[in-house]
Structures are given as C-alpha cells and as structure tokens.
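Q: Protein chains in written order, with numbering that gives the first Met the number 0: chain A, 0 to 364; chain B, 0 to 566.
Hints in this document: simulated from the structure, not taken from any laboratory. Check the hints yourself; a few may be wrong.
[What the hints assert, rightly or not] Each computed DSS-like pair below joins lysine-lysine, with the alpha-carbon atoms no more than 25 Å apart: (1) B:148 <-> B:507; (2) A:235 <-> A:183; (3) B:148 <-> A:183; (4) B:361 <-> A:183; (5) B:148 <-> B:361; (6) B:379 <-> B:464.
[Said to hold, decoys possible] Rough simulated footprint, nothing fancy, chain B against chain A, three-plus residues with beta-carbon under 8 Å: (7) 225 to 231; (8) 258 to 272; (9) 311 to 323.
For glycine and all other residues, C-beta sits at the position ideal for the given N, C-alpha and C.
Okay, here's what each chain looks like letter by letter:
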Amino acid sequence: MPMPSSRAPHLRERHRSSADAAGGVVPPTLRRASPLCLELPGHPVATLALAAAGAGLLTWLAAGRSKRAGPASQGGRQALPDRGRSYGSRGAEVTASAAQRLNHASSMLAASVLFDSGLEHYRGQFFNRAMYTPIVVSSITLASSLHGAGDTDPGSSRVRHAAQALAGLTGLVGFGFHAWNVGKREGGYSFQNLFYAAPIGAPMALTLAGILGVVAERVRDADPDAPELAGLPAGKVLALATAGMLLGTTAEAGLLHFRGAFQNPAMLLPVTLPPLGAAALALAATRAPGASQTEAKAAMWAVSAMGIIGVAFHAYGVARMMGGWGNWRQNLIDGPPLPAPPSFSGVALGGLAALELLERHRSRF
Amino acid sequence: MRLSGTGTAADNPSRGTPADDPMHRPRAVDGRAPDVMRRGEWVPMRQFRDEEEVDFVIVGTGAGGGTLACRLAEHGFTVAALDAGPYWRPLEDFASDEMHQSKLYWTDERIVDGENPLQMGSNNSGKSVGGSTVHYAMVALRFRPEWFKSRTLLGYGADWPLDWREMWSYYDQVEDDLKISGPVTYPWGPKRPRYRYRAHELNAAAKVLARGAEAMGIDWTPTPLATVSAPRGDSPPCVYRGFCTVGCSTNAKQSVLVTYLPRALAAGAEIRDLAMVGRIETKDGRATGVHYFRDGRWRFQRARNVVVAGYAIETPRLLLMSANREFPDGLANSSGLVGKNLIVQGNQAVWGDFEEEIRSYKGPPSLAVTEHWNYEDRGKDFHGGYCYMSQGPLPTLWGSTQAGAHGLWGEALVSEMQRYNHVAGLKIVSEYLAQERNRVTLSDETDQYGLPIPRITYSWCDNDKALNRHGLDFMGQALAAAGGRNIWEQGDDTNHLYGTARMGHDSKTSVVNGDCRSWDIPNLWVCDGSVFPTTGGVNPSLTIQAIALRTADRIRAMARGGDRRDA
C-alpha cells in the first residue's frame with residue numbers, strides 16, 4: 000500500500016496551475032472552453048437547436064437564390080429549363096411530382112435523423128465533438144428537402160443537390176464512427192455491443208435521406224419521357240433501391256426490438272410489414288412499364304402509416320418506463336425513441352415515388 | 000396500461016393508510032393483501048380460519064416457499080403461506096439508504112462459532128414476505144449438469160436424487176416466469192433455450208471483468224439476471240439505480256414478492272405476514288399444523304401438510320424446536336442429519352483501483368460473470384468449482400469492508416474511501432464441501448418470541464482453503480491484467496446457506512427424498528436451500544425455485560394418484 004495521501008487528487012492545485020498558465024485571467028470553469036465556442040446564454044441544447052435552425056434557413060435561402068439565378072423567370076419562378084430539349088408537359092409533370100415525392104421522403108428521413116440523433120447524442124452527452132455533426136447536417140438536408148418539396152418546377156437545384164450529397168456522405172462517415180464504437184468495446188462485434196454501443200445502422204438513415212434527395216434532383220433533370228438514373232430506367236432502379244432501404248431499416252428496427260425482446264407483439268410489425276413492402280416493390284420493378292401498381296402503392300401507404308403509428312407505440316413505451324410520462328425528461332431519452340419510426344415512412348414515400356415513375360408510362364399507351 | 004400522473008392513489012402517497020407500519024402491524028388482513036405493483040392499492044386475498052384444515056401450510060415465502068405456494072395454489076390446493084417478515088410495498092417502503100434498508104435482513108439474534116464463524120444477517124438472510132429474493136443480487140445461473148451426479152461423475156460430494164434433464168426443464172420454466180435477462184448465447188454447458196429478455200448493458204466494473212477474462216484467455220458473459228431489461232406487465236425496465244441488494248424500489252427486480260406471490264394470491268392462496276412459526280405439531284406420526292405468533296398472540300393453523308421453507312438456519316431450527324415425545328430428536332431427524340452438513344459458499348474478493356472512473360455501484364452489482372472454473376476440471380488442486388462476478392458495493396458496505404476486511408482506519412480509511420469511484424473488484428461464488436461438524440443447533444438462550452436461539456458452527460476444511468487460494472490467485476491475476484493497481488484480497492466473506500435438511504436416495508443418509516418429502520413424516524416437506532446436498536459454484540435461487548416448481552408438480556401427481564391425504 001502506498002501512502003493514501005499520495006493518491007488523493009489535488010484538485011485545488013490543478014485549477015490554480017491551469018489558471019496561471021492562462022495568465023491568471025481564465026477562471027477554472029472556463030479552462031476547457033475552446034476558442035471557437037461562443038459563450039451564448041441559455042441551455043446548450045437551445046444553442047444547438049438555434050445553430051441547426053440557422054443552418055437550415057441558410058440552406059433554404061441559398062437553394063432559392065440559385066434557382067432565381069437561372070435564365071428564364073416567370074414571376075420569380077423558374078419555367079421549364081431550356082437545355083436544348085423540349086419535354087412533353089405530361090412527362091415533366093410526372094417527374095416533377097415524383098421528385099417532390101422524393102423530397103417528401105427525404106424530408107421525413109432527415110427530420111427523423113435530426114430529432115433522433117439530437118436525442119441520442121444528447122443522451123451520449125456529446126461526448127465526442129463529432130456527435131454534433133448529424134444535427135447540423137440533417138437540418139441542412141431537411142431544409143433542402145422541404146425547399147424541393149415546395150418546388151413544382153422540373154429543373155434541379157445545384158445547392159440542394161450538394162446538400163443532399165453531403166448528407167449521404169455524412170451518414171456513411173457516421174456509420175464508420177458507430178461501427179468503430181461497437182468494435183472497440185469488450186467483446187467486439189457481439190450482440191451485447193450491437194445492442195448498447197452506438198446503434199450501427201442509425202447513421203445510414205441520413206445516407207438514405209441524402210440518396211433520396213439526390214435522386215429527387217436527378218429525376219428533375221432527367222428526360223421526362225424516359226427518366227433514367229445511372230443509365231437505367233429510373234422507376235425500376237428506384238423501386239429496387241427503396242426495397243433495399245426498407246430491408247436495411249428493418250434490420251435496424253429488428254436488432255433494437257430484439258434487444259427489447261419483442262416484449263409487445265406490436266414490436267413485430269416493423270420486422271414483418273416492411274419486408275412485405277420491399278417484396279411488393281421488387282415485384283413492381285419486374286412488371287411491364289406502365290402497369291398499374293395499386294397493390295404495391297397500398298403496401299407503401301401501409302408502411303408509411305406504420306411509421307407514424309410507431310410514434311404512438313413508442314409513446315406508450317415511454318409510459319411504461321419507470322415513472323412514465325411524469326418522468327419524461329429521463330424516459331424520452333432512455334425509452335423507445337419517438338423520432339425513430341418515421342424513418343420507415345420516409346423510405347416508403349421514396350417507394351411511392353418509384354411507383355409513380357413506373358406507372359407514368361401509362362400515358363404513353 | 001400504467002400511466003403515471005393520471006390521478007389515482009398511486010400518485011399520492013399521502014393517501015396511504017394512517018399508522019400503516021408493515022414491521023409491526025400485518026398488512027395482509029381483512030381479505031386483502033398489498034398490491035405490490037401499485038401505490039396504495041390492494042388485491043383481494045382468500046383467508047382461512049385457523050380451525051380450517053388447509054391442504055398446505057407453508058413456513059416461509061422466499062424462493063422456495065413462495066414459489067411452491069404459487070404453484071400449489073395454481074394446482075388447486077388450499078394454501079396458507081406464513082412469513083415472519085413484513086409485507087413490503089417496494090414502491091413506497093424502500094429508501095435509497097443502505098442503513099435503513101437493513102430492515103430487509105434477518106437480524107434476529109444468532110450465535111456463531113467454529114474456526115470460521117459466519118457473518119449472518121445480510122447477504123445470506125431475509126426477513127420479508129418474498130424472503131431474501133427481495134434483496135438478492137438476482138444472479139440466475141443454472142447448475143452444471145454433472146453436479147447432480149457429483150459423487151459419481153466428479154468424485155466428491157453427493158449424488159442428487161434428481162435428474163439434470165428434468166431440472167433443466169424446470170430451470171426453463173423459472174427463467175420464463177422471471178423473464179430472466181441474459182446473453183443471447185451462453186458460453187458454457189449444454190445448449191439452453193434463449194433467455195426471455197436480453198442482457199443488460201455492462202457497467203464499467205463488468206467491463207473490467209471482461210478485459211481480465213479476455214487477457215486470461217477464458218470466456219465471460221453478461222450475467223443472466225432476474226431484473227427485466229424491457230417492460231414486463233407493471234414492471235418497468237431496470238433504471239440501473241444500483242440498490243438491488245438493499246431492495247429494488249422500481250419493481251424491475253423479479254423477486255418472489257412481485258412475481259410468484261401475486262400469482263399465488265390470484266390463485267387463492269393466503270399469505271400471512273408477520274407470522275413467526277415456532278413449532279410444528281404432530282399426532283400419530285403425522286404433522287397436524289403449526290403454532291405461529293401473529294398480532295401479539297400464539298395461534299395454531301391446522302393443515303393436512305406442512306412445508307418448511309425457512310432457509311438453512313431457520314428450517315433446521317424449526318424442525319429441532321418441534322421435538323416432542325413422539326420425535327424427541329426433532330422432526331424428520333431419524334438420520335440425525337437435521338442441522339448438520341451446513342454448507343455455505345465462498346464469497347472472497349479481490350479489489351483494485353483503476354486510472355479511469357469505474358463507479359461500480361451503477362446498475363445491478365454483478366453484470367458480468369465467468370463460469371470458466373465451473374466447467375473446467377483440469378488444473379485444479381481441489382474438488383469443486385467456482386464462478387466469479389463483477390461487483391458494485393454501495394458506500395456503507397464499502398466503508399465497512401475497508402474498515403473490517405482491509406483493516407484501514409483514520410486517515411488511511413478516509414483516503415481509500417476517496418478512491419471509491421475508481422475501485423473495481425471480482426467476487427467469487429464457490430463450492431465448499433459438506434462437513435457434518437458444520438451445523439445448526441439450538442442454544443439455551445431464547446429470542447424475542449421465547450424460542451431458542453440457533454447456534455451456527457462453521458469451519459473450512461483443507462479443500463475449501465485450497466479452493467479459496469486458487470480463486471483469489473486467479474482473480475488477482477485477472478484484475479491486474481485488466482489494469483487494476485494496489486490489488487488486495489478480501490479473504491473472509493461467505494454467502495448462501497445449504498445442506499441442513501439434505502435430500503438423498505436413502506433415509507439413513509438424508510432428511511428428505513427427491514420430492515422434498517421427509518423420510519420420517521409423510522406429510523412434512525422441506526423446500527428451500529436446506530435440501531441441497533452439494534452447492535455447485537453458482538448462486539442458489541434459480542435452483543431452489545426450480546426444485547419448488549418440481550415439488551409442486553410431484554405433489555399434484557401424487558395427489559392424482561389417489562393419495563390426497565398425504566399430498
């Protein structure tokens with residue numbers, strides 16, 4: 000045993016020395032504040048919310064300005080883009096409508112990520128500075144997607160395109176961070192760590208938002224009579240892609256509901272309905288262009304509704320935590336996350352856009 | 000649906016009954032018992048008159064008695080279960096205060112002696128409806144199959160009159176009844192069904208065990224625990240308050256008090272709190288009922304069968320106290336083994352401190368476990384096995400450990416307590432051998448009920464000491480490998496009680512048979528840890544509960560066989 004006194008922390012001395020090092024003017028409580036940090040009054044979360052809202056607003060304004068910088072103008076709104084091609088108006092309506100739908104999907108996903116990552120990273124006390132990133136990026140994505148959703152013009156926006164690409168990239172980086180967080184723990188990539196470390200699939204929702212947002216812009220740009228993505232028919236590609244996204248989101252929900260031992264039978268819904276929806280989408284992609292997609296559309300609407308109803312189920316889950324809603328400040332954080340289920344709705348809206356593109360050919364027959 | 004803040008008495012403790020004092024006035028009276036899941040609410044309870052001959056009177060409502068009462072009542076028998084302890088309402092009665100919560104322990108006077116006198120009164124006893132499951136650490140481990148044939152297969156101890164496959168099916172039922180939260184796959188032993196709930200998140204102390212085990216090249220796993228990791232009925236998921244061993248105030252802990260006893264009440268059993276049984280009456284070689292003290296007077300409950308489930312001190316004490324002209328050496332004691340072969344389990348620990356903060360008291364105390372030395376027979380210079388777990392001592396316990404086992408005082412003690420948040424330890428649960436010299440007898444002194452105080456004699460044998468050495472050495476190496484410094488050994492602690500009414504194949508060498516029925520008195524049963532002839536290297540509660548479920552099923556089978564009078 001060494002002398003106990005030698006092991007006692009010397010807090011007072013440590014504070015004094017750090018103050019001395021800073022010229023004796025920095026009070027001990029501020030010594031960890033980075034020079035980039037503005038000392039704003041109010042709760043840090045409020046500050047973060049303000050920053051996120053500000054970033055969103057800037058994105059909105061920037062996207063609008065770029066549009067107005069375009070060639071023709073009709074009362075501040077851009078007309079059909081003049082790029083040496085003339086599009087049939089019916090086709091343009093469909094692509095614009097599908098693009099809006101995709102922006103709705105992207106908005107939904109971005110909003111889900113904004114609130115979910117905000118909640119979960121607040122729970123993690125923003126232990127790592129990088130944990131602020133998804134909040135700011137998803138705000139930008141949300142603003143960009145909302146902007147696109149309100150834009151009935153077929154032309155794309157470079158700012159929105161860039162914002163969505165940024166979101167896609169950020170989600171991938173986040174996935175890397177989360178995977179690293181899981182793997183570094185005792186036991187490595189075990190169920191235990193997949194349950195309780197950073198949720199490995201969550202950042203991918205931001206990537207999905209970004210992909211759908213990028214696709215929205217590409218669809219706006221595409222030939223309305225035969226829209227293509229990466230050289231393939233847009234409807235088919237998008238249907239298969241959203242089917243894959245549904246399966247990925249199912250995997251994430253399945254993992255976390257498995258952690259909850261499927262203690263409520265309703266927890267089985269998000270691991271059964273979305274795969275059926277994905278199958279319907281895949282089936283839709285194999286059908287002749289222009290065929291009616293009523294069943295697949297119904298499946299997508301069902302998955303969308305499930306995502307919204309999921310919020311109510313999660314609210315009930317919060318009520319079943321110790322202290323229920325009376326203890327909301329703890330239980331919103333530790334209970335089932337309210338903002339998570341709508342990510343299903345987001346992907347399903349993407350599926351609806353795909354179905355719209357698949358059906359659009361009806362007008363040609 | 001349970002929504003807090005919607006305005007029943009559940010959210011207003013001030014609406015509680017005036018002068019409601021569970022330690023001095025019984026709560027389970029007037030045809031109702033406390034609803035342990037809801038503040039201030041009650042559940043209806045069937046009540047029997049003392050003159051009414053119930054099918055079963057059960058002495059004790061812990062892991063053995065409470066579980067058995069539930070299953071017997073669900074099988075359609077009339078059951079009155081008596082407990083000396085209070086009927087707690089965990090949501091209202093449990094404070095976040097170690098000293099106050101010592102009210103859960105059986106702290107009646109006992110005399111301890113022998114070469115290694117036992118510390119009684121905390122981790123090996125409980126005086127509550129629900130027994131010591133109200134304050135147990137919830138560790139829910141199964142026996143290694145070979146332990147049921149320990150003598151034949153491993154060369155020490157005794158063979159149980161139970162088949163491991165049958166026991167494993169009962170383990171499965173208990174794990175379902177308690178919704179044990181355990182790992183997705185268990186590293187040792189035969190394949191077992193998946194635990195019903197997922198394991199809890201590891202705290203830093205559990206991660207220390209994990210790092211140590213990985214460094215030593217052995218398996219580890221999150222501990223299967225009887226506290227839920229997701230909602231279950233009125234039980235919210237565990238909030239990692241960390242006061243498990245002094246009473247869970249949220250009801251996440253799946254103690255007998257909140258699981259089997261509400262079911263027992265619903266099935267028509269009566270539970271009598273603050274009812275101390277002092278004597279079992281016999282006539283013509285059969286038990287006829289019990290004398291018990293409640294509400295300030297001695298009363299007599301008639302019964303067709305008597306089950307003793309008071310744990311390994313109170314069970315032999317009651318059997319010995321009930322000696323009469325017919326059975327001058329005490330009931331069920333023709334073998335002379337009642338009170339003998341008291342076995343405990345080793346509970347030594349190694350402690351060390353760490354650079355980083357550990358805060359081991361966060362969450363259930365034993366979140367990680369390794370059973371390596373239960374399933375590995377090579378490299379041992381002793382009989383038996385052990386597991387070890389991470390630990391989370393609360394501050395008062397830690398202070399008394401430092402002052403007692405570590406022998407610190409004054410400035411040294413204060414300074415060590417300042418390291419509290421940086422301490423992690425590994426604690427063993429080990430298998431000691433049965434010895435007839437370790438025993439429970441009656442002394443001449445009497446307690447507050449006028450009953451003779453038990454004398455508890457305990458000494459280690461050489462095998463026990465060799466096991467202690469092996470365990471402490473291995474855990475010390477593991478702790479050092481995990482980064483622990485200033486490692487010291489706590490060498491004196493023991494826990495869990497067994498063996499004083501052992502079961503066996505033969506009336507000469509055991510007190511009860513495999514059905515927990517006494518060899519001497521056909522309508523007298525023992526159903527608790529006392530019946531274990533060997534202990535294995537795991538905590539006992541799950542096995543006691545599995546035995547209780549099996550006993551109830553056997554009783555029903557025998558009753559269906561037409562021998563209703565006997566069962």
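Q: Hint by hint, note whether the structure agrees.
A: Going down the list of hints, with the structure as the test:
Restraint check for residue 148 of chain B and residue 507 of chain B: satisfied, since their Cα atoms lie roughly 19 Å apart, inside the 25 Å limit. Between the alpha carbons of residue 235 of chain A and residue 183 of chain A the distance comes to roughly 40 Å, so the proposed pair goes past 25 Å and is violated. Restraint check: the Cα-Cα separation between residue 148 of chain B and residue 183 of chain A comes to about 42 Å, which exceeds 25 Å; the hinted pair is violated. At roughly 22 Å between alpha-carbon atoms, residue 361 of chain B and residue 183 of chain A fall within 25 Å of each other, so this suggested pair holds.
The suggested pairing of residue 148 of chain B with residue 361 of chain B is violated, with an alpha-carbon distance near 38 Å, which exceeds 25 Å. The hinted pair formed by residue 379 of chain B and residue 464 of chain B meets the criterion: a straight-line CA distance of about 13 Å does not exceed 25 Å. For the stretch 225 to 231 of chain A, the stated coverage by chain B is violated: 0 residues have a C-beta nearer than 8 Å to a C-beta of that chain, whereas at least 3 were required. For the stretch 258 to 272 of chain A, the proposed coverage by chain B is satisfied: 5 residues have a C-beta within less than 8 Å of a C-beta in that chain, meeting the threshold of three.
Against chain B, the stretch 311 to 323 of chain A contributes 8 residues with a C-beta closer than 8 Å to a partner C-beta. That satisfies the three-residue criterion, and the hint holds.
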